[in-house]
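Student: Based on the sequences and whatever the hints tell you, model everything.
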Amino acid sequence: MKHLYRILWKDHSRTHLVWAFLGTLAGFVLLLAGIQFYTDLRSILAENRDLLDPEYIVINKKVNIGQTFGLDRPGFTEEEIEELRRQPFADRVAPFVSNAFPVSGYTENERFPDFYTELFFEAIPDEFIDVKSEDWQWDQGEETIPIIIPQDYLNLYNFGFAPSQGLPQIPKGVISMINFRIRLKGQGAGNYDDFSGRIVGFSNRIHSILVPLEFLQWANGRYGYFEESSPSKIILVSKDPTDPSIIRYLDEKGYDTIREKLKSSRMNIILKFIISFLVVVAGIIIGLSFLVFLLSLQLMISRSSEKIRRLNKLGYHYLEISRPYVALLMILLAGVAGFSFLITSILTKQFARMAGEWNLDIATSLHGIIYGTGMGLILIIAAVNVAAILVNTRKLCH
Amino acid sequence: MTIRLEKMIPLPMLEQDTTDSGIWEQESVLFEQGKHYLVEAPSGKGKTSLLSILYGLRSDYRGTVYLDDQDISQFSWKKWSRLRKEGFSFIFQGLELFDNLTARENIELKNSITGQCSPSRITEMASQLGIESFLNRKAGILSFGQQQRVAILRALCQPFSYLFADECFSHIDSQNRELAYNLIRGECERQGAGLILTSLNNTEDLQTDVRIRL
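Chains A and B, in that order, are what the protein sequence lines are.
Under the working numbering, the first sequence has 27 at position 26, and the numbering climbs by one with no breaks.
Under the working numbering, the second sequence has 1506 at position 135, and the numbering climbs by one with no breaks.
Hint data in this document are derived by calculation from the structure and do not stem from the laboratory.
Positions of the beta carbon are idealized from the N, C-alpha and C atoms, including for glycine.
You may find that some hints are simply not true.
[As the list claims (entries may be wrong)] List of simulated lysine-lysine pairs, DSSO-like, C-alpha gap at most 30 Å: (1) A:K308 / A:K396; (2) B:K1450 / A:K308; (3) B:K1449 / A:K314; (4) A:K273 / A:K240; (5) A:K11 / B:K1406; (6) B:K1509 / A:K314; (7) A:K133 / A:K240; (8) A:K350 / A:K273; (9) A:K308 / B:K1449; (10) A:K186 / B:K1450; (11) A:K11 / B:K1449; (12) A:K396 / B:K1450; (13) A:K11 / A:K396; (14) A:K308 / B:K1509; (15) A:K11 / A:K240; (16) A:K3 / B:K1449; (17) B:K1450 / A:K3; (18) B:K1449 / B:K1378; (19) B:K1509 / A:K3; (20) B:K1378 / A:K314; (21) A:K186 / A:K62; (22) B:K1449 / A:K396; (23) B:K1406 / A:K314.
[As the list claims (entries may be wrong)] Away from chain B, derived, C-beta distances all over 12 Å, residues of chain A: (24) S246; (25) R310; (26) N313.
Tutor: In structure tokens, the structure reads:
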């Protein structure tokens, strides 16, 4: 039998087979890596959506000149809030409550420089707040008000203000230990009360000075005398932040939001698109290489047609004649499978290492679906090629 | 096994005058297993066509060919393949050797699908044919006469009920021809096979059971 292989393999075109091999390999790596990363990405997206963090979007109206002069209402009306609530992308909606009385804060501590400032408070239901702290609660009669400030404020102080003024930087833990005084003023002179304030957490989600909703509702009832203003901000939770209708709706209504979060949703869409594109390109490459495979083998057979006829005359069955071609095909495809799994798993490890630096949790080994897809495709390519080999050798035989 | 031809004629022969042919369009022509036939004719009378039809390589003929009362035109692919491994052997006029294989490799190429002969048996037959010393040379550089003997040896490397030999001595001198013919006859007798040998008109000295003019 070895003579048969020698005779028939002699007529191969090395260039064709090498290109077919490399092309198929490249296509396979692209496809498998694409599927691998897509699988990871999808699970990350799914986690983000379902488990960790549905997108929290804070919406406000765009500030216009009319509001500056008090002609336009800056807040949301009841109808506007209701309408927003009815949108299919809106999972939960809550307006911000703000203080209806003057608030100020000051320090009364020898270890810190004197400090006085006018303040504002806002409140939203706890479920919208990303800080979970045991101290985050207030019951009527309690003297200490827990406060959450944006992480950005602390950063501004520690990395902007403090170094420029020669002041010490303050770690989070220390800040929560500082007690400062809060004064709430009602209408009329002498109508005020002092409380003590304590920062219990730092929010990455909400850019405002937050106090517990129960407290603010109580305080507004107790001290409030500003004209009942409509909420100027709304927090919105969306199950699917990748839904482009959110951005469309906001634009249409002239609402504003910090778009960073929606940008990341857009990034996800783009990433998905890129990977789908990758898979399509990989598909095309595989398709073309597959054709080169097919044609190379057919060319090889047609170059050997005289020899095949001769072998047939000597009593060789076309199945026996096909064997060297099938063997060659199998060797090449086994190479494609082996190398593509190897290269993809190396890429995966590299990618997982890089992703680890971005705090993305990505599998370091190939998913089962990769082996399944790879082997499935190899089998399909093998089956079609084997069929073509059999048909073509048989054609040459009597 | 018996081969029987009924009013058979290859289509290209229809244009020729075949009235005195001992085979073409005859009511019935019989080739019996175990007998040796010599089919003689000058070039272009269809010797190769006859053997090719019997071997299943050609089907452009009129009439019918029976193998044991079975019409060979109905034979399946599989059946022909088996016949060529176990039933019919053929020494081709065109030899059909592979130039880049050695003489021995050419023989082994056939022997590997039949498993008929041991390597020592191949060497033994080669020495009977006087080609033992060429066995390891590439077939392409052998003389035509030497190649012919390689082709003869190769054809004997299988079990067969009929051996078709198409002008297989054309380039072999009379001394070597006798050696080769004796080997062929010996192998046919050993296997109880029929021999159909075609030849031009210069083989009066060959001993056969039946001579037919084509």
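Student: Now tell me if each hint is right for this structure.
Tutor: How the hints compare with the structure:
1. At roughly 13 Å between alpha-carbon atoms, K308 of chain A and K396 of chain A fall within 30 Å of each other, so this suggested pair holds.
2. As the CA atoms of K1450 of chain B and K308 of chain A are separated by approximately 21 Å, the hinted pair is consistent with the 30 Å bound.
3. For the proposed pair K1449 of chain B and K314 of chain A, the alpha carbon gap of about 14 Å is at most 30 Å, so the pair holds.
4. About 18 Å separates the Cα atoms of K273 of chain A and K240 of chain A, which keeps this hinted pair within 30 Å; it holds.
5. Between K11 of chain A and K1406 of chain B the alpha-carbon distance is near 42 Å, which puts this suggested pair outside the 30 Å criterion.
6. A hinted pair counts as satisfied when its Cα atoms are at most 30 Å apart, and K1509 of chain B with K314 of chain A qualifies at roughly 21 Å.
7. Taking the CA atoms of K133 of chain A and K240 of chain A, the gap is about 21 Å. The hint holds against a cut of 30 Å.
8. Using a Cα cut-off of 30 Å, the hinted pair K350 of chain A and K273 of chain A holds, with the two alpha carbons roughly 20 Å apart.
9. Of the supplied pair hints, the one linking K308 of chain A and K1449 of chain B holds, its CA atoms being roughly 20 Å apart against a limit of 30 Å.
10. Only pairs whose Cα atoms come within 30 Å are accepted, and K186 of chain A paired with K1450 of chain B is rejected, the gap being roughly 109 Å.
11. About 27 Å separates the Cα atoms of K11 of chain A and K1449 of chain B, which keeps this hinted pair within 30 Å; it holds.
12. Taking the CA atoms of K396 of chain A and K1450 of chain B, the gap is about 17 Å. The hint holds against a cut of 30 Å.
13. For the given pair, K11 of chain A sits about 20 Å from K396 of chain A by alpha-carbon distance, which is consistent with the 30 Å threshold.
14. A C-alpha spacing of about 16 Å is found between K308 of chain A and K1509 of chain B, which places the hinted pair at or below 30 Å, so the restraint holds.
15. For the suggested pair K11 of chain A and K240 of chain A, the alpha carbons sit about 63 Å apart, so the restraint of at most 30 Å is broken.
16. For the proposed pair K3 of chain A and K1449 of chain B, the alpha carbon gap of about 23 Å is at most 30 Å, so the pair holds.
17. A threshold of 30 Å between alpha carbons decides the hint, and for K1450 of chain B with K3 of chain A the separation of about 25 Å falls inside it, so the pair holds.
18. With a CA separation close to 27 Å, the supplied pair K1449 of chain B and K1378 of chain B stays within the 30 Å bound.
19. Restraint check for K1509 of chain B and K3 of chain A: satisfied, since their Cα atoms lie roughly 16 Å apart, inside the 30 Å limit.
20. Taken as a hint, the K1378 of chain B and K314 of chain A pair is honoured in the structure, with Cα atoms around 26 Å apart against an allowance of 30 Å.
21. Using a Cα cut-off of 30 Å, the hinted pair K186 of chain A and K62 of chain A holds, with the two alpha carbons roughly 28 Å apart.
22. Annotation: proposed proximity of K1449 of chain B to K396 of chain A holds, straight-line Cα distance about 14 Å (limit 30 Å).
23. Straight-line distance between C-alpha atoms of K1406 of chain B and K314 of chain A comes to about 24 Å, which keeps the hinted pair within the 30 Å bound.
24. With a least CB separation of 64 Å from chain B, S246 of chain A remains clear of the 12 Å interface cut-off, as annotated.
25. Distance check on R310 of chain A: its Cβ comes as close as 9 Å (rounded) to a Cβ of chain B, failing to clear the 12 Å threshold; non-interface status is violated.
26. At roughly 8 Å from the closest C-beta of chain B, the C-beta of N313 of chain A falls inside 12 Å, breaking its exclusion from the interface.
Violation of the numbered hints given earlier is confined to hints 5, 10, 15, 25 and 26; the remaining hints are satisfied by the structure.
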